[in-house]
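Trainee: This is what each chain is made of:
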Amino acid sequence: MIILSIETSCDETAVSLIEIKSGKNGEIFNILSNEVFSQIKIHQKYGGIVPEVAARAHLEKIMPVLEKALEPIKNKWQKIDLIAATQGPGLITSLLVGWQAAKTLSWFYKKPLVPVNHLAGHICAGWLNKGFTPTLRSRGSDRNPDGTVGGCVGEFKINFPLLALIVSGGHTELVLMKNHNQYKILGQTVDDAAGECFDKVAKILNIGYPGGPAISKEAAKFHVPCSKFHFPRPMIKSDDLNFSFAGLKTAALYKWNELNYGAQYKKLDKKEIKKTIHASVTENLIPFFCYEAQQAIIDVLIAKTLKAAKIFQPRSIILCGGVAANQELRRQMTAAILKNFPYIKFIIPSFEFCTDNAAMIAAAGYFKYQKMNARQKTKLKNNWQNLEPDPQLEL
Amino acid sequence: MTYITISEKQTLKLGEKIACQLKGGEVLALIGELGTGKTVITKGIARFLGIKKYITSPTFVLMKLYKIQNSKLKIKNFLHIDAYRLNSGRDLLDIGLEDWFNRPDTVIVIEWAERVKDILPKKIIKVNLKIGKKNNERIIKVEFRK
Numbered sequence: 000m001i002i003l004s005i006e007t008s009c010d011e012t013a014v015s016l017i018e019i020k021s022g023k024n025g026e027i028f029n030i031l032s033n034e035v036f037s038q039i040k041i042h043q044k045y046g047g048i049v050p051e052v053a054a055r056a057h058l059e060k061i062m063p064v065l066e067k068a069l070e071p072i073k074n075k076w077q078k079i080d081l082i083a084a085t086q087g088p089g090l091i092t093s094l095l096v097g098w099q100a101a102k103t104l105s106w107f108y109k110k111p112l113v114p115v116n117h118l119a120g121h122i123c124a125g126w127l128n129k130g131f132t133p134t135l136r137s138r139g140s141d142r143n144p145d146g147t148v149g150g151c152v153g154e155f156k157i158n159f160p161l162l163a164l165i166v167s168g169g170h171t172e173l174v175l176m177k178n179h180n181q182y183k184i185l186g187q188t189v190d191d192a193a194g195e196c197f198d199k200v201a202k203i204l205n206i207g208y209p210g211g212p213a214i215s216k217e218a219a220k221f222h223v224p225c226s227k228f229h230f231p232r233p234m235i236k237s238d239d240l241n242f243s244f245a246g247l248k249t250a251a252l253y254k255w256n257e258l259n260y261g262a263q264y265k266k267l268d269k270k271e272i273k274k275t276i277h278a279s280v281t282e283n284l285i286p287f288f289c290y291e292a293q294q295a296i297i298d299v300l301i302a303k304t305l306k307a308a309k310i311f312q313p314r315s316i317i318l319c320g321g322v323a324a325n326q327e328l329r330r331q332m333t334a335a336i337l338k339n340f341p342y343i344k345f346i347i348p349s350f351e352f353c354t355d356n357a358a359m360i361a362a363a364g365y366f367k368y369q370k371m372n373a374r375q376k377t378k379l380k381n382n383w384q385n386l387e388p389d390p391q392l393e394l
Numbered sequence: 000m001t002y003i004t005i006s007e008k009q010t011l012k013l014g015e016k017i018a019c020q021l022k023g024g025e026v027l028a029l030i031g032e033l034g035t036g037k038t039v040i041t042k043g044i045a046r047f048l049g050i051k052k053y054i055t056s057p058t059f060v061l062m063k064l065y066k067i068q069n070s071k072l073k074i075k076n077f078l079h080i081d082a083y084r085l086n087s088g089r090d091l092l093d094i095g096l097e098d099w100f101n102r103p104d105t106v107i108v109i110e111w112a113e114r115v116k117d118i119l120p121k122k123i124i125k126v127n128l129k130i131g132k133k134n135n136e137r138i139i140k141v142e143f144r145k
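Sequence order for the protein chains is A and B.
Residue 95 in numbering that gives the first Met the number 0 sits at position 96 of the first sequence, and the numbers go up by one each step.
Residue 6 in numbering that gives the first Met the number 0 sits at position 7 of the second sequence, and the numbers go up by one each step.
Check each hint, because a few of them may be wrong.
Label-pair distances were calculated between CB atoms; the ranges are [to be verified]:
1) A:W76 with B:G95: 46 to 56 Å
2) B:T1 with A:P341: 56 to 66 Å
3) A:N29 with B:Q68: 41 to 51 Å
4) B:K16 with A:M371: 48 to 58 Å
5) A:K236 with B:K51: 48 to 58 Å
6) B:K51 with A:P341: 36 to 46 Å
7) A:M0 with B:N101: 48 to 58 Å
8) B:Q68 with A:N372: 29 to 39 Å
9) A:Q312 with B:T1: 46 to 56 Å
I should point out that these hints are in silico values taken from the structure, not numbers from a laboratory.
Where is the CB? At the ideal position from N, CA and C, for every residue including glycine.
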């Protein structure tokens, strides 16, 4: 079966073509094409995604990206069995472009259209691991034989129940899956998402957008934990599985002002603050500051994941979403799970499937389609008429 | 009216206090730097209106809508907006904010409202937040503009 998938929930225009075959250990996902156009450069000067700018860029890119993705089947539409597209959650102006394209194609070529939840897509990225040849890795090492971090520990088959930690710019969620399409949210952020915290701390330090890569780059310059100061690990000891990152950002802001302007900063006005800023302090401080902020976020993410694993005893754990591209998080989470739960399979999608992409949407669409009965499947043909994108779609 | 709160809990309570005066159709403009408690005030308002869902940051999607299921209240929708990343109000019009202004069944809270001054209606409730001199102290000024 061949699936065409479209994803435009945020600032990536992505179209993918995937062939699915049945194999010994379940499905084999053969990725024929996985085209992504990232708008990061366009949004960099604004320090974040601007809805109208994003929508225009999606509109410009959707057709070229689609054409490129269709190259492997030379535009032969009869080969495509199904169209899968992101229905939500996301930025409404962005979602509309991809969804409209999917609807139009579904109507014109008379193909069934499966609406996919973006978060389900992130989890299902686990099945795409390393495309169709997952790297096996010996236990105890946190690196693959090729030196990359990620991939899968043990044989490549994801067993249920599956515990998923989704971390991205807009989400921080712990989800338990007893089977395909059965999502139970165990915990989530009560305020800011982890990726958002990265962005905001980066903004305080003025080191660029997107914040995640900027912070991990600075943090990498610093290797020894320092006893000068520590950020709080918000809610790390709370009884539930929820996260909170807003307080961490505030603590970082306080500390940053105090370090740069002394304890008196609250009494100074903005002009005086600019005068007293100490350039040399700032330069040496940024790597350490980033290290500590990143570590605080990672500590909380790991603690809550381990806690959830202890309570729900899953057979597999997956770390996914854009923030899962963070090298330190990948390394430390792998080490923590190997140490505490060596018998649980741990999966991190490779980088290209962590950040937003359409291949993951195809995988999620496929599993959704598989669970449908004949009547539900025939109804998919009419989805283009009555389904609208939903910016707040829930799992 | 100026309030001084000395803890997050008190700021939350203040949010509830503001909320009990709402009748529907109001726009609250929250103005203050990072970490001054805008989201905490919003949470207080949402709690008073009986919203049980977590009020998570809408920075990413810009706008979050919460439905209110309380037959005693006239207010049916709670719209939480975060203009932190925006330079002008046009972006909010692009995602359809206009449809929600002047609806008697809707309360709108806009964080970082100073960034979208150009589209704010004349009648707003202005909430100014500042960090006080002591730790965790916040100075919060609430102005009802009619």
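Trainee: Go ahead and decide if the range 48 to 58 Å is satisfied by the Cβ distance of A:K236 to B:K51.
Mentor: 24 Å, violated
Trainee: Does the hinted range 36 to 46 Å hold for B:K51 and A:P341 at CB?
Mentor: 39 Å, holds
Trainee: Taking 46 to 56 Å as the stated bounds, is the beta-carbon spacing between A:W76 and B:G95 within them?
Mentor: For B:G95 against A:W76, whose Cβ atoms are near 34 Å apart, the range 46 to 56 Å is violated.
Trainee: Honestly, do B:Q68 and A:N372 meet the 29 to 39 Å range at C-beta?
Mentor: 32 Å, holds
Trainee: Could one say that the CB atoms of B:T1 and A:P341 fall in the range 56 to 66 Å?
Mentor: 58 Å, holds
Trainee: Falls inside 46 to 56 Å, the C-beta gap from A:Q312 to B:T1?
Mentor: 53 Å, holds
Trainee: Taking the CB of A:M0 and the CB of B:N101, does the distance hold inside 48 to 58 Å?
Mentor: About 50 Å separates the Cβ atoms of A:M0 and B:N101, which means 48 to 58 Å holds.
Trainee: Indicate whether the distance between the beta carbons of A:N29 and B:Q68 respects the range 41 to 51 Å.
Mentor: About 47 Å separates the Cβ atoms of A:N29 and B:Q68, which means 41 to 51 Å holds.
Trainee: Could you check the hint for me, namely that B:K16 and A:M371 are 48 to 58 Å apart, CB to CB?
Mentor: Given range 48 to 58 Å: holds, Cβ gap about 50 Å.
The structure shown violates the earlier hints numbered 1, 5.
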